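K.L.:
In mature numbering (1 follows the signal peptide of the UniProt record, and there is no 0), the protein residues as written are -29 to -1, 1 to 138.
These aren't lab readings, by the way, just hints derived from the structure by calculation. Worth double-checking, as some hints may not be accurate.
List time: in silico SDA-like cross-link candidates among lysine to any residue, alpha-carbon distance up to 20 angstroms [said to hold, decoys possible]:
{"#": "1", "residue 1": "Lys138", "residue 2": "Gly82"}
{"#": "2", "residue 1": "Lys138", "residue 2": "Pro119"}
{"#": "3", "residue 1": "Lys138", "residue 2": "Asn116"}
{"#": "4", "residue 1": "Lys138", "residue 2": "Glu81"}
{"#": "5", "residue 1": "Lys138", "residue 2": "Ser105"}
Label-pair restraints from in silico Cβ distances [stated by the list, open to error]:
{"#": "6", "residue 1": "Arg100", "residue 2": "Ser21", "range": "15 to 25 angstroms"}
{"#": "7", "residue 1": "Gly120", "residue 2": "Gly97", "range": "16 to 26 angstroms"}
{"#": "8", "residue 1": "Gly101", "residue 2": "Arg126", "range": "23 to 33 angstroms"}
{"#": "9", "residue 1": "Val118", "residue 2": "Gly37", "range": "31 to 41 angstroms"}
{"#": "10", "residue 1": "Thr80", "residue 2": "Thr35", "range": "40 to 50 angstroms"}
{"#": "11", "residue 1": "Gln68", "residue 2": "Asp117", "range": "39 to 49 angstroms"}
These figures come from a predicted structure and were not determined experimentally. Glycine is no exception: its CB is placed at the ideal position from the N, C-alpha and C atoms.
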Amino acid sequence: MRMYARHKVNSVFCSALLLLLLTSCTSLAAPSSIESQQNASRDADARVASDPVLTGQRYFDLLTAGEFEQAYEMWGPDTPIHQSGSRRFEQSMLAYQAFHGEMTGEARTEGAAGTLYAEVPIRVSGARRGEPFSNDGTMTLQRCNDVPGCSEEQRRWRLDSIDLEQK
């Protein structure tokens, strides 16, 4: 009987030790996994910020997801959309029951006086106030060119305007 008790104690001890080792291994692995995810997210954000087509698609994706505040923040600070405020922007977007936007071509980029402008062909569709719509157009984005004194934030593409063809 005594041998059985000793064997049981050893078995419980080994099980507890194994459990402790396993949990410590997963807790040690978790930070590197979280760190990897954070690095991947930062890399994706950097790619979007440096590519006008990806920036425009991110804007449309945010609108589709109902993330109006984040979409609003993608507009340049000197644009009429941004100057009218986030509340008005959100209210205008609530008129859409369905929305889909896509970039339909490559960006055409031009520079002027330290600023880069990119024009990208787009297509938007959905339903607004119960009426279906589909329009082609152009999204214009801008950013500071890589000149001295231009901050990292100023080198991010920002929406400048969206012009849709009327049917």
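K.L.:
Hint by hint, say whether it matches the structure.
P.N.:
So, going through the hints one by one against the coordinates:
1. Lys138 x Gly82: Roughly 31 angstroms separates the two Cα atoms, so the pair is violated.
2. Lys138 x Pro119: violated, 44 angstroms
3. Lys138 x Asn116: Violated, because 36 angstroms separates the two Cα atoms, which is more than 20 angstroms.
4. Lys138 x Glu81: violated, 28 angstroms
5. Lys138 x Ser105: It holds: about 9 angstroms lies between the C-alpha atoms, which stays within 20 angstroms.
6. Arg100 x Ser21: 15 to 25 angstroms: violated, 37 angstroms
7. Gly120 x Gly97: 16 to 26 angstroms: Since the Cβ atoms of Gly120 and Gly97 sit about 41 angstroms apart, the hinted range of 16 to 26 angstroms is violated.
8. Gly101 x Arg126: 23 to 33 angstroms: With Cβ atoms ~41 angstroms apart, the hint is violated.
9. Val118 x Gly37: 31 to 41 angstroms: holds, 37 angstroms
10. Thr80 x Thr35: 40 to 50 angstroms: violated, 26 angstroms
11. Gln68 x Asp117: 39 to 49 angstroms: holds, 42 angstroms
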